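Enquirer: Here is how the chains run, residue by residue.
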Amino acid sequence: MSAWLHLFTLELAVVAIALLVLLWDAFAPAAGRAVGWTTALLLGGVFAASFFVDGRGTVPHGVFVRDEWVVFHERLFLAAGILGVLGSIDWLATRTPKRQAEYYALLLFSLAGMMLLAGARDWILLVTCFELMSMPLYVLCAYGKQDGPASEPKLAAEAGLKLFITGAASSGLTLFGLALVVGMTGTTHVGGIGANPAPLTIVGMLFVLAGFGFKVGAVPFHMWVPDTYQGAPTPFVAFLSVAPKAAGLATLAIVLLGGWSADSSVWLPVLLVLAGASMVVGNLFALPQTDARRLLGFSGVAQIGYALLALGAMSRGGLAMTLFFVATYVFTNLGVFFVLHAAAEEGGGHSLARIAGLSRRSPWLGGALLVFLLSLAGIPFVAGFWAKLFVFMEAWNAGLVGLVVLGVALAVIGLYYYLTVARSTYMADGDRTTPVPTGFALRAAILVCLIFVVGLGLWPRPLVEAADRAAAGIVSGR
Amino acid sequence: MVIESPLLAFLIVAFAVAGSMLVGAKLLRVRAKHSSPLKPTTYECGESPAGPAWVRFHARYYVVALFFVVFDIEAAFLFPWALVVREAGTAGLVAVFSFVAVLMVGWLWAVKKGALRWQ
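Protein chains in written order, with this note's numbering: chain A, 1 to 478; chain B, 1001 to 1119.
Don't take every hint at face value.
[As the list claims (entries may be wrong)] Below 27 Å or equal to it, Euclidean Cα-Cα: the simulated BS3-like pairs (lysine-lysine) are:
{"#": "1", "chain 1": "A", "residue 1": "LYS145", "chain 2": "B", "residue 2": "LYS1113"}
{"#": "2", "chain 1": "B", "residue 1": "LYS1113", "chain 2": "A", "residue 2": "LYS154"}
{"#": "3", "chain 1": "B", "residue 1": "LYS1026", "chain 2": "A", "residue 2": "LYS98"}
{"#": "4", "chain 1": "A", "residue 1": "LYS98", "chain 2": "A", "residue 2": "LYS145"}
{"#": "5", "chain 1": "B", "residue 1": "LYS1039", "chain 2": "A", "residue 2": "LYS145"}
{"#": "6", "chain 1": "A", "residue 1": "LYS154", "chain 2": "A", "residue 2": "LYS98"}
{"#": "7", "chain 1": "B", "residue 1": "LYS1039", "chain 2": "B", "residue 2": "LYS1026"}
{"#": "8", "chain 1": "A", "residue 1": "LYS98", "chain 2": "B", "residue 2": "LYS1113"}
If you are wondering where the hints come from, they were derived from the structure by calculation, not from laboratory data. Because the structure is a prediction, the values reported are computed rather than measured.
Extracted from the complex, chain B is given alone in its bound form:
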């Protein structure tokens, strides 16, 4: 049988994969008895859970994550440019460096405002 519509094929594969995962988990899982103390605990990849799940993370990690995004986006644009650096020529060089300069202004502002201070 040849499936004509790629959308239909996609749907069939999607349902097959998701369904087989659910059914497989149902068949292969390790069953704990109802009375077992393991039954109500959090599932942490087979390890016995340590500490409560509602751990508070320091808000500073959020700032670090934002810094990461700044450089992540920068890299996402620098790599494609690096591949075509010869073809892009001077215009490409100017464009990329203006982009980096704008990013650096934001980075500089955040550093000056004490975003990297850890007290």
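In isolation and in its complexed conformation, chain A is listed as follows:
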């Protein structure tokens, strides 16, 4: 046992922090910001430790493989976790001071599930990690259950219920599919899918794909995304909109490119249809939205479409650019949601009219929002530009010309609605003129996101190289 336990150092550390938070809350409940800051700092310590812990290796029977791919994802999830905690500290301390600890503990458990997920190469471990990631998210979604606008007081409960029911249904689909796959191939190893390419294996894998499609929110499994984003607490939506998506894409990569690459003629058309449909539906349905969070929900669906497109290139470069795209998306989307949260916190909700005149009231917040929106739209010199460019280049090289043309055309539509939001912050006049009050932790989180988005826009090379090394863990060769 002890021969491979060191592979899980970081994951065990995250679980230990979660248990510490629970015990702290049980024996000496603290109502201030102490729990939140401690969690953020300890997670920061784990993130720093990820650069010094050299735990590469394989658990017996190849159940779990820790390589560059896992290290990349661990750091990505830890970064998202730290930022998610930072962005929630002020909100939790003012709204629900008495039950903060459960929020942090659940977020940490979810984080542990994601970190384990990246290395799982066995169906049982993979599904268990997926559920460990998902279950706390259902609870967190309904965390602010008494926290809705007067017109729709049950919005958070509705969001939680929708995520839970779609999540439970998709887990059911995945498990049913896996029962067929494992029954046909006779192995629980992910690499064994190709062992018996019988029709029933393929039917099972299509069920598995549909289940994962729900989790990443790809069209036609995207119905829960806008409703959940609209109702759940905004700092949590920031986390929900990035980390589980990254984990879902990692799973798809492990299963499709890693385990089932032999039969790509079967799943590639399915994947490309999902990518194309997500790009079309996400971008077009985002146009008429008046609630900023619904708009970002559909924008998230569209961005998943781009990421799936790069996955469909089926090369090491394509996978690397999926990772790069997801990493930039993590920082960009966290930033957008944090700024919206800051603007909505003083009352008035998340309608687009609410952020009118934001740049005049708080120039820094307005400027940060503009940068994040430009990054989502893919304008040069912010991180999102390279992400989109590399994704389209890899897809083009793989011969997916039609989808690339479609994606570029839809990106122009995306530019329109992202800039509509930006225009209202700069051009329109709001009904308030005082600066938006923001807590220190939230400002710190926005600043970190801003540094990453601008920094990766100016100097994307380190992340591109890290993504390329990570992708080599799944797809060998060029």
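Using the hints, position chain B against chain A.
Expert: Then chain B, alone, in the frame of chain A:
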């Protein structure tokens, strides 16, 4: 006749069992006249129904059920371990006790939060 495919055999048995149950119920049921007051009532194993079907249960039973799940899962892992306790050795002992410790932290937290208080 020998059925080659186990899947086909399974399907035949499944349809036969389900079909025979439906047909049997149709043939053997006790028929109430249309005018009978028994006709529209809820079927409760032959007993006359007592009280409305939409009874509200106290939400606390839900918490009790969750507590049950904690110990249920614990037992589900402890029994297999108990069977191989010698072969699993010290490593198995440490693993099982860490698992129980994690469960107990959750249990302790819930108790401290008043999940077992019945007021």
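Enquirer: Which of the listed hints are broken here?
Expert: Hints 3 and 5 not satisfied by this model.
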